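Work out the full structure, taking the sequences as your base and the hints as a guide.
Here is what each chain is made of, one letter per residue.
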Amino acid sequence: MSDAAFLSVRGIRKSFGPVKVLHGVDLDLPRGSVTALLGENGAGKSTFVRILAGDHQPDGGTIAVDGTQTSFRTVAQSRDAGIRLIAQEIADAPTLTVAENIALGALPNRFGFVDRSAMRKMAQRALDALGADLPLDAPVSSLRSGERQIVEIARATAGDSRCLIFDEPTAALSDAETQRLFALIKRMQQSGVAILYITHRLDEVFAIADRVCVLRDGRVSLSAATTEVDQASVVTAMVGHAISAHHDRYSFAAMGATPLLEVERLGSSTFRDVDLSVAPGEIVGLYGKIGSGVPELAGALFGALPYEDGTVRLAGEMVKFRHPAEAIARGVGFLPADRASEGLLRPRSVAENLAAPSWRRLANGPMISRSTEARAFGNWHKVLKVRSRPDGSEGIATLSGGNQQKCCLAAGLRLAPSCCCWSSPRAASMSVPAGNLWRVARPCPAGARHSDGKLGLRGHYRSGDPGGRHGAGQGGCPPHPG
Amino acid sequence: MNIITALSITGILAAGGTILLIAGQFDLSVGSGTAFVALMFAIAAQSTGIIPATGVALLVGAGIGILNGFLVTVVGVNALITTPGTPAIFRGLTLSIGGASSVRINGFDWAIARPLFDIPMSAILFLCIAIIVAIVLARTVFGRTIYAIGANENAARLVGIRTKKTLFLGFVISGLCMALTGPVSASQLGSTSGTTGMGLELAVVTAIILGGTSLKGGTGSMFGTILGLLIVGVLNNGMTLMNINSTRQQVAAGTLLILAVSFDQIRQRFIRS
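Quick mapping for you: the protein sequence lines, in order, are chains A and B.
Following numbering that gives the first Met the number 0, the numbering of the first sequence begins with 0 at its first residue and continues without gaps.
Following numbering that gives the first Met the number 0, the numbering of the second sequence begins with 0 at its first residue and continues without gaps.
No wet-lab data here; the hints were simulated from the structure.
There's no promise every hint is true.
To be verified - Subject to a maximum C-alpha distance of 20 Å in a straight line, what follows is the list of computed EDC-like cross-link-like pairs (lysine to aspartate or glutamate):
no., chain 1, residue 1, chain 2, residue 2
1, A, 319, A, 263
2, A, 19, A, 54
3, A, 319, A, 308
4, B, 163, A, 325
5, A, 319, A, 307
6, B, 164, A, 325
These numbers come from a predicted model, not from an experiment.
Spelled out as structure tokens, the structure:
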């Protein structure tokens with residue numbers, strides 16, 4: 000197997016400060032095959048592919064391309080070896096056109112001048128291969144995020160690539176776009192390209208992958224051909240224990256209770272005539288593709304975005320929040336859709352990030368101390384199993400995406416909200432495993448949560464899935480750690 | 000102690016500047032603001048005496064801060080444009096009201112007295128302000144929100160921080176610092192003129208960045224700024240002792256700022272990797 004592999008990785012280790020992310024990962028990417036990479040939040044998937052892309056330097060281990068040992072000190076070196084990463088976070092040049100973005104990094108030129116017609120041809124070919132119809136001369140900032148994702152994919156596949164790494168490419172894509180992407184992946188595979196595909200969707204794994212590799216806690220916990228495993232064994236490899244059916248134990252006691260949150264004919268520039276009702280103890284899932292207005296609706300309920308028409312009632316009382324501070328004061332919790340741009344105070348510590356929404360409550364008059372914040376974090380550290388120091392004194396940026404997501408969740412939950420608006424709690428770089436999320440969501444009296452991403456275990460989030468108290472025991476109502 | 004006295008004007012302004020730069024904003028109007036406050040103070044002092052004149056200085060300083068804060072947070076003009084724009088106005092006003100000659104201030108000798116351990120008033124004032132700002136930044140909710148806004152203004156708003164109000168307050172604090180430095184500068188020189196406070200903003204920004212506050216916002220401390228101030232002060236003192244021409248000192252000041260910003264960039268790259 001390994002002699003046929005295009006890329007062969009052995010014993011890759013990586014730490015960020017005191018946090019060990021990868022403890023010796025082995026992986027082979029054979030030519031002409033699709034390998035799916037799975038793992039829970041914080042398992043180290045994103046770090047691993049960034050090492051392959053030359054974006055991070057491993058602390059140990061070897062990388063061999065075509066059997067020759069090599070090291071990627073820069074992204075350019077990895078590109079030269081034919082490796083292309085289609086990152087989860089869109090990294091395009093918003094003011095440049097679609098054609099320019101696709102050709103970026105390999106601009107066709109004549110005597111140093113950009114050959115615009117060659118550039119347009121190259122871009123058109125790449126888009127055709129994806130079956131996408133996008134205006135070549137429009138700036139990418141004018142596109143929907145799904146379309147921008149397609150531009151990213153087109154850029155990676157435009158040149159001579161020998162290995163493609165997709166980091167959750169379908170999160171922002173429509174079903175039709177996803178199907179076209181799969182067709183393209185199949186074609187690339189047939190032409191001998193090695194493909195590594197990160198996803199949280201098990202159906203995708205079995206639809207396109209030949210091999211599956213599961214990371215858990217920075218180690219490979221499963222590596223097999225997809226024909227040899229089933230969904231249950233993959234899930235077990237991801238979470239480390241078999242998933243019981245305990246999610247189904249929730250009773251339906253809240254059915255018919257007085258709604259805590261009532262939304263009537265809410266309208267703004269991005270959505271209109273939205274009616275919604277959430278009872279205490281109820282979790283309502285909102286689902287919509289990018290551009291459907293779902294994240295905007297969540298923002299409007301929280302006072303982060305304006306709305307023009309309609310009414311919102313909280314506990315029977317009309318409210319119209321003009322600033323998130325007003326929503327927080329009334330006990331509404333929030334989790335933003337885009338962690339990097341809306342959620343994280345990047346240069347600040349983990350504890351500070353967690354405490355930020357509740358600074359006023361933690362404060363002693365105008366004063367607040369580090370130790371108060373550290374104590375506030377310490378309580379959540381265990382509940383959410385955040386991989387960090389117990390006092391949360393390190394920078395939030397040193398944590399993996401999944402652990403950052405847990406902190407964002409906890410920051411909102413610390414306020415003991417009576418109602419939560421969560422945008423894509425498991426989206427993008429995944430985040431909290433569904434089971435844990437369920438456990439922390441449960442004690443909140445009401446939750447309006449939406450996911451515009453696709454949930455790996457969507458069944459648990461079906462609309463109007465109410466629940467009341469359930470038997471104590473593991474997975475039961477966790478204490479609110481304060 | 001001489002260095003601290005020499006630094007007191009730069010230092011008081013840098014205290015307000017540190018708050019703003021941590022929040023990702025800056026105030027380049029501090030030099031001419033100081034000159035304008037000093038002139039208003041001097042004019043008021045001639046007719047009404049020192050105590051009412053101090054009130055005038057506070058009002059004028061707060062006014063400058065309110066104007067800057069209004070333009071940046073309410074109108075939404077970038078601080079890069081606003082804060083060099085307003086000083087052009089104030090420098091012009093200072094020159095046109097005060098004329099080319101300097102305005103003398105009498106009866107202000109007590110301000111240069113050395114009331115405590117032979118430490119001049121201005122140095123005591125600077126040390127007090129520095130300690131207050133250090134505590135505010137490190138220990139108060141207001142300080143935390145300043146760091147949060149500099150770290151990610153969007154996220155700060157979503158955790159319930161009134162970002163615009165806080166930034167407005169930051170500019171007002173910077174204005175109040177000018178309200179103090181105006182009289183301090185007048186007291187040190189015994190007079191004020193149109194060239195008071197020239198190039199001060201450069202020294203202030205240099206000291207803050209040398210002290211480790213990132214241009215990107217979200218990091219930094221008052222303690223760092225004090226270290227930065229000491230570096231600037233020791234260099235200036237050394238150059239003066241060595242009889243280096245003041246025009247060459249300007250070359251040195253500019254070079255130091257560029258070095259400080261370069262170090263900031265290199266450090267950030269180092270932190271990221």
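Hint check:
no.	hint	in the structure
1	319(A) / 263(A)	holds, 12 Å
2	19(A) / 54(A)	holds, 17 Å
3	319(A) / 308(A)	holds, 11 Å
4	163(B) / 325(A)	holds, 15 Å
5	319(A) / 307(A)	holds, 10 Å
6	164(B) / 325(A)	holds, 14 Å
The structure agrees with every numbered hint stated previously.
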